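> Given next are the chains, with one letter for each unit.
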Amino acid sequence: MSDSTPAVVEHNPDLRHHFATMEQQTETAVMGMWVFLITEIMFFGGMFAGYVIYRHLYYSAWLEGSQRMDFWWGTINTVVLLCSSLTMALAVRATQLGHRKSTVTLLIITILFGLAFLGIKGIEYWGHIVTEHQLPGPGFRFAGPNTSQVEIFFSFYFAMTGFHALHMIIGVGLVSFIAYYAWKGRYGAHYYTPVENTGLYWHFVDIVWIYLYPLFYLISHIHRK
Amino acid sequence: MLSNTFPLWPTRASTISGQVDALFIFLLMLCGLMCMAIFVAIVVFAIRYRKRPGHQATQIEGSNAVEFTWTFIPAGIFLFIFVWGAYIYFLERTPPRDSMDVYTVAKQWMWKFQHTEGQREINELHIPIGRDVRMIMTSQDVIHSFYVPAFRIKQDVLPGRYTIAWFRASKAGTYHLFCAEYCGTNHSGMIGDVVVMEPAQFQSWLNGGGPMGSLTQTGEGLFQSLGCSTCHRLDTQGRGPNLIGVFGKPVLLEDGRTITADENYVRESILSPAAKVVSGFKPIMPTFQGIVSEEQLNALVAYIKSLTARPSGAAQNPTFQSPAASKADTTRQR
Amino acid sequence: MSAHIATKKLYITVWASLIFLTALTAAASYLELGPFNIVLALVIATCKMLLVALFFMGIKYISDKMTIVVIVAGLFWLFILLALSMTDYASRGWV
Amino acid sequence: MASTPVAAPERENYLNNEYGISSWLFTTDHKRIALLYLVTITFFFFIGGFFALLIRLELLTPEGDLVLADTYNKLFTMHGQVMIFFFLIPAVPAVLGNFLIPIMIGAKDLAFPRINLLSWYLLVIGGCFMTYTILSGGVDTGWTFYTPLSTHFLDTHVIAAALAIFIAGFSSILTGLNFIVTIHRMRAPGMTWSRLPLFVWANYATAIIQVLGTPVLAISLMLVALERVFHLGIFDPRLGGDPLLFQHLFWFYSHPAVYIMILPGMGVISEIVTCFSHKRIFGYQFMALALIAIAVLGFLVWAHHMFVAGISLYAALVFSLLSYFVAVPSAIKVFNWTATMFKGSITYSTPMLYAFGFIGLFTMGGMTGLFVAALGIDVHVTDTYFVVAHFHYIMVGGMVMAYMGGLHFWWPKLSGRMYPENWGRLAALIIFIGFNLTFFPQFVLGWLGMPRRYWQYSPEFQVLNVLSTAGATILAVGYLLPMVYFLWSMRYGKPASDNPWGAAGLEWMISSPPTTFNFDQTPTVTWEAYNYDELQEAPVER
Numbered sequence: 001m002s003d004s005t006p007a008v009v010e011h012n013p014d015l016r017h018h019f020a021t022m023e024q025q026t027e028t029a030v031m032g033m034w035v036f037l038i039t040e041i042m043f044f045g046g047m048f049a050g051y052v053i054y055r056h057l058y059y060s061a062w063l064e065g066s067q068r069m070d071f072w073w074g075t076i077n078t079v080v081l082l083c084s085s086l087t088m089a090l091a092v093r094a095t096q097l098g099h100r101k102s103t104v105t106l107l108i109i110t111i112l113f114g115l116a117f118l119g120i121k122g123i124e125y126w127g128h129i130v131t132e133h134q135l136p137g138p139g140f141r142f143a144g145p146n147t148s149q150v151e152i153f154f155s156f157y158f159a160m161t162g163f164h165a166l167h168m169i170i171g172v173g174l175v176s177f178i179a180y181y182a183w184k185g186r187y188g189a190h191y192y193t194p195v196e197n198t199g200l201y202w203h204f205v206d207i208v209w210i211y212l213y214p215l216f217y218l219i220s221h222i223h224r225k
Numbered sequence: 001m002l003s004n005t006f007p008l009w010p011t012r013a014s015t016i017s018g019q020v021d022a023l024f025i026f027l028l029m030l031c032g033l034m035c036m037a038i039f040v041a042i043v044v045f046a047i048r049y050r051k052r053p054g055h056q057a058t059q060i061e062g063s064n065a066v067e068f069t070w071t072f073i074p075a076g077i078f079l080f081i082f083v084w085g086a087y088i089y090f091l092e093r094t095p096p097r098d099s100m101d102v103y104t105v106a107k108q109w110m111w112k113f114q115h116t117e118g119q120r121e122i123n124e125l126h127i128p129i130g131r132d133v134r135m136i137m138t139s140q141d142v143i144h145s146f147y148v149p150a151f152r153i154k155q156d157v158l159p160g161r162y163t164i165a166w167f168r169a170s171k172a173g174t175y176h177l178f179c180a181e182y183c184g185t186n187h188s189g190m191i192g193d194v195v196v197m198e199p200a201q202f203q204s205w206l207n208g209g210g211p212m213g214s215l216t217q218t219g220e221g222l223f224q225s226l227g228c229s230t231c232h233r234l235d236t237q238g239r240g241p242n243l244i245g246v247f248g249k250p251v252l253l254e255d256g257r258t259i260t261a262d263e264n265y266v267r268e269s270i271l272s273p274a275a276k277v278v279s280g281f282k283p284i285m286p287t288f289q290g291i292v293s294e295e296q297l298n299a300l301v302a303y304i305k306s307l308t309a310r311p312s313g314a315a316q317n318p319t320f321q322s323p324a325a326s327k328a329d330t331t332r333q334r
Numbered sequence: 001m002s003a004h005i006a007t008k009k010l011y012i013t014v015w016a017s018l019i020f021l022t023a024l025t026a027a028a029s030y031l032e033l034g035p036f037n038i039v040l041a042l043v044i045a046t047c048k049m050l051l052v053a054l055f056f057m058g059i060k061y062i063s064d065k066m067t068i069v070v071i072v073a074g075l076f077w078l079f080i081l082l083a084l085s086m087t088d089y090a091s092r093g094w095v
Numbered sequence: 001m002a003s004t005p006v007a008a009p010e011r012e013n014y015l016n017n018e019y020g021i022s023s024w025l026f027t028t029d030h031k032r033i034a035l036l037y038l039v040t041i042t043f044f045f046f047i048g049g050f051f052a053l054l055i056r057l058e059l060l061t062p063e064g065d066l067v068l069a070d071t072y073n074k075l076f077t078m079h080g081q082v083m084i085f086f087f088l089i090p091a092v093p094a095v096l097g098n099f100l101i102p103i104m105i106g107a108k109d110l111a112f113p114r115i116n117l118l119s120w121y122l123l124v125i126g127g128c129f130m131t132y133t134i135l136s137g138g139v140d141t142g143w144t145f146y147t148p149l150s151t152h153f154l155d156t157h158v159i160a161a162a163l164a165i166f167i168a169g170f171s172s173i174l175t176g177l178n179f180i181v182t183i184h185r186m187r188a189p190g191m192t193w194s195r196l197p198l199f200v201w202a203n204y205a206t207a208i209i210q211v212l213g214t215p216v217l218a219i220s221l222m223l224v225a226l227e228r229v230f231h232l233g234i235f236d237p238r239l240g241g242d243p244l245l246f247q248h249l250f251w252f253y254s255h256p257a258v259y260i261m262i263l264p265g266m267g268v269i270s271e272i273v274t275c276f277s278h279k280r281i282f283g284y285q286f287m288a289l290a291l292i293a294i295a296v297l298g299f300l301v302w303a304h305h306m307f308v309a310g311i312s313l314y315a316a317l318v319f320s321l322l323s324y325f326v327a328v329p330s331a332i333k334v335f336n337w338t339a340t341m342f343k344g345s346i347t348y349s350t351p352m353l354y355a356f357g358f359i360g361l362f363t364m365g366g367m368t369g370l371f372v373a374a375l376g377i378d379v380h381v382t383d384t385y386f387v388v389a390h391f392h393y394i395m396v397g398g399m400v401m402a403y404m405g406g407l408h409f410w411w412p413k414l415s416g417r418m419y420p421e422n423w424g425r426l427a428a429l430i431i432f433i434g435f436n437l438t439f440f441p442q443f444v445l446g447w448l449g450m451p452r453r454y455w456q457y458s459p460e461f462q463v464l465n466v467l468s469t470a471g472a473t474i475l476a477v478g479y480l481l482p483m484v485y486f487l488w489s490m491r492y493g494k495p496a497s498d499n500p501w502g503a504a505g506l507e508w509m510i511s512s513p514p515t516t517f518n519f520d521q522t523p524t525v526t527w528e529a530y531n532y533d534e535l536q537e538a539p540v541e542r
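Protein chains in written order, with the numbering used here: chain A, 1 to 225; chain B, 1 to 334; chain C, 1 to 95; chain D, 1 to 542.
These are computed hints drawn from the structure, not numbers from a lab. Quick caveat, the model's predicted, so the values are computed rather than measured. Using N, Cα and C, we set each Cβ at its ideal position, and we do this for glycine too. A couple of the hints might just be wrong.
As the list claims (entries may be wrong) - Example chain A residues on the side facing chain C (calculated, C-beta under 7 angstroms, incomplete): (1) Val52; (2) Ile53; (3) Pro214.
What the hints assert, rightly or not - Derived CB-CB ranges, DEER-like: (4) Pro189(D) - Met86(C): 44 to 52 angstroms; (5) Ile292(D) - Met22(A): 26 to 34 angstroms; (6) Ser136(D) - Met86(C): 37 to 45 angstroms; (7) Trp527(D) - Ile5(C): 39 to 47 angstroms; (8) Ile19(C) - Ile169(A): 19 to 27 angstroms; (9) Leu79(B) - Leu60(D): 37 to 45 angstroms; (10) Ser63(B) - Thr516(D): 42 to 50 angstroms; (11) Lys9(C) - Leu63(A): 40 to 48 angstroms; (12) Thr131(D) - Ser63(B): 50 to 58 angstroms; (13) Leu33(C) - Ala143(A): 22 to 30 angstroms; (14) Asn16(D) - Met86(C): 53 to 61 angstroms; (15) Ile292(D) - Gly34(C): 42 to 50 angstroms; (16) Ile19(C) - His190(A): 30 to 38 angstroms; (17) Pro189(D) - Ile169(A): 42 to 50 angstroms.
Unchecked claim - Heads up, simulated EDC-like pairs for lysine to aspartate or glutamate below, C-alpha to C-alpha not over 16 angstroms straight-line: (18) Lys51(B) - Glu63(D); (19) Lys343(D) - Glu61(B); (20) Lys112(B) - Glu295(B); (21) Lys249(B) - Asp262(B).
Between the sequences and the hints, there should be enough to build the whole structure, so can you do that?
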């Protein structure tokens, strides 16, 4: 959700009326973005707290649940997201240097990586929901002991990775919005705040996945029969 | 329209109520004094320093000394109150060993009590005076709360686990029992009476209750009929741990943690057995979720608790350690 | 703000170390370390987070100290939520 | 009564520089958005107040004979939800904060004006969901949404209410974000942190809580909604969940939320007490530090709402100790306000009467906080009317008094008109009397052991309940009066000068009502906060 993308044009093309200097406006926008990212940390933090508590209460169910995770898809997804972070960072750098063409190409590569991530996530979800009936709720099937506790594991798996995927979709939307305006030459060395904030948002979503990956995929990978 | 009795102080009917009232009266006086001091100061300043011709306000920046005094003095008083309150809470949360157990099942909008001697009651609880009573409570649906104002005790009753409340009645009579946690439509109707009787009276009430057998006997019957005894043998070592002398003692688990075997552990091992498997055993016990009702669960827990008291003539000193005490690798499955 | 623009080479090296750390944590999950398994995984994840945050998000080049205080405060509050609620669950059986 | 004054010369200001619906619905002027908020929360205040009156009428008699049990449960649930999320939380930050913070720090507007308008729209959309919930049958989970009752045992509009509060929560988050960034980056030259009015400090501390706490409420309500839609068991033990986890997540936000409600009120009171004692605040640094301390410590104490809920003994000890640490800054503030009046030159205008009321009642509310934080007593009084009285003393006795005082104090700046002074004093007196008659008997009821949220109660509690209902009607009259004379004053009130009270602060140096860009050119601040020694006293009115 990018914040005040300036549109009003006044004596300095992109300076909003209530800011004194361009530098003050940029720093304000970045600080606003960081405060927004803090609210996102606390939003995901609530679920991480639930994860930590249930892992403490139902450790054996957590082991069984995570054995059902697809280790390889998880690792590939992590690599995909890290690459998308690289291209996003390079895109922000290109905007600052004013290279319009490379900015647009890098942004498009980032979008492709994002869609690749969502695709892999879709495959995983299809595997869990359709073939193995592991979507929590009445249709949940799980052979083996303490079924209801494993269902809690899957509730958290789908809740946390689901919200992460939702933020990824918003991210892809944002980056394509920025790519379109970059292609029209809206941003450059004189004005790159929206690109930078979108970059911050993208990197944040990547960091959330950096923590989701070990917590869900690496718990008891070694117990795989 | 107006009821005749108009009490201003709840009756004191349990040993702890005296201490709670003492702390309450102390706080009442302390805070009453402080509020009066603030009110009087405001009124005096408002009048004495009111705006009138020839009167000038003198600017005072503030003084660190005064600030520190009214930071550390209140902090000190608060710590004292905290310690006193925590002491009472500690007493309320540590039931004595040899207390009389009453198993409680809270259901949407009624209380069901069951004494170990077998008596069942609904919305009525008869207890003897001067005896420590331990309420072992669970709920069948939502969160309720066992609240007897005269005893000054309250404890939420959670579904899915046991919560414990204890008291010792000190005054005979009939007292209110309320549900204090909002639990749906008839939350205000989920009330009852606690009848405190002289020990002799209580004994005759107990005997007059009809030959339905004590809770532990029903528990033993269930232990046989549900097939628990096939694995948990009481004389030798079966496929399940030998349960004699287990209750209240620490138990070493498969994943290395050690927990004390309280009511909640017994309940969790019956309803989801593979959650905390005893070390040296395999998670082969089937779950009894949905097979065993709350009342039957109470009976089984009472029976397992009674196993410690019975002098185990035949078996040697019952240690909970499985024979394969040493970590033989064969039985541990990685 | 970050008028300072990092070199392309720096970004590539940061990316490479991120990939290496991912491979490391994936490989480490094959080891049998018992409780230390999760601790190692979280340490590596935190290193990756720091790399992304400091370089890609440019915290290293932020001139305004206040934004850094805001970031650290956010993480500290998450720690408050986790730690204090765990005081309840960890001490459940102690009475 | 003041005779109708001659119409004020029409100077150009933020109210009359443009007209029409779109000038209001698409404005990014922080002053107009403040008035939009004022209308919205007043609407919800009277809805919540109406529910409160119905509850008090029902409790006149021990039997449940006015409304059905389910209706009563819906009444107290929606009274709680509407009052907290749609009146108390937005009240001072969104109305007075939005209007005054940019002016007080010498800025033309907030850092993100369009996000400010978005915040108002989010509150209105959340309000629409809440109104839909009320009209289509209501919700009876209690404002606390405790599970598993709210997730598996009720079929009322729980998801609609949770969605309403979820959306209104984002309005609160974005307002907090706006305030933090504005106060950090948009201060006029010379306006250092030690020259900021305490009202700005208070809203800064509130913004910290709004930003750090509200997302956790958002996720817990989202998990409740997911659990209802997909029949999950995250919080339902029959499906493996733990109901206490919801309580931990809920109270992690909801205790700091009570500080979101009271901190801005403290800021308002600091402004009023200094102005009407014509004296510098006593111990400025300690007052500012105490505000931040309350905001930070407020996050460490949440489980004192759960002492009997089944948390472990040692967790209860930890949270009770921390709860006593959070009480210290509040005590400091009360002592400092009283010390500010010492050797002042005090006038008894309406805002000052509200300030007297606030300090007295907030002290009683805070003191009873010491009772409920003591573990031994809390076991007896939690979930009874003692707790109901405690938080109403702080919410109604503290927060609403401060909000009323602030509204009267800055009314000349908001509307350019003076409210009728004697009617103001009368209303303040009625509210004070009605409030004490309503809630003091509830302390005794709670100590006697009457549980809260009871539709029918034991006969021996009746006399105190009748007193409480009598007080509630007086309180209702007291709240209607300002509604009437504020509207009256918009048309017929005496035109206000730039500084009718002789108050210190940048907002009293510009015209009332101010122009759209507040200052012709950005001011440079060279004076300390509350420099009343340099200001001559306000002219003695009438």
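> Please write out, lowest number first, the hints stated earlier that are contradicted by the structure.
18
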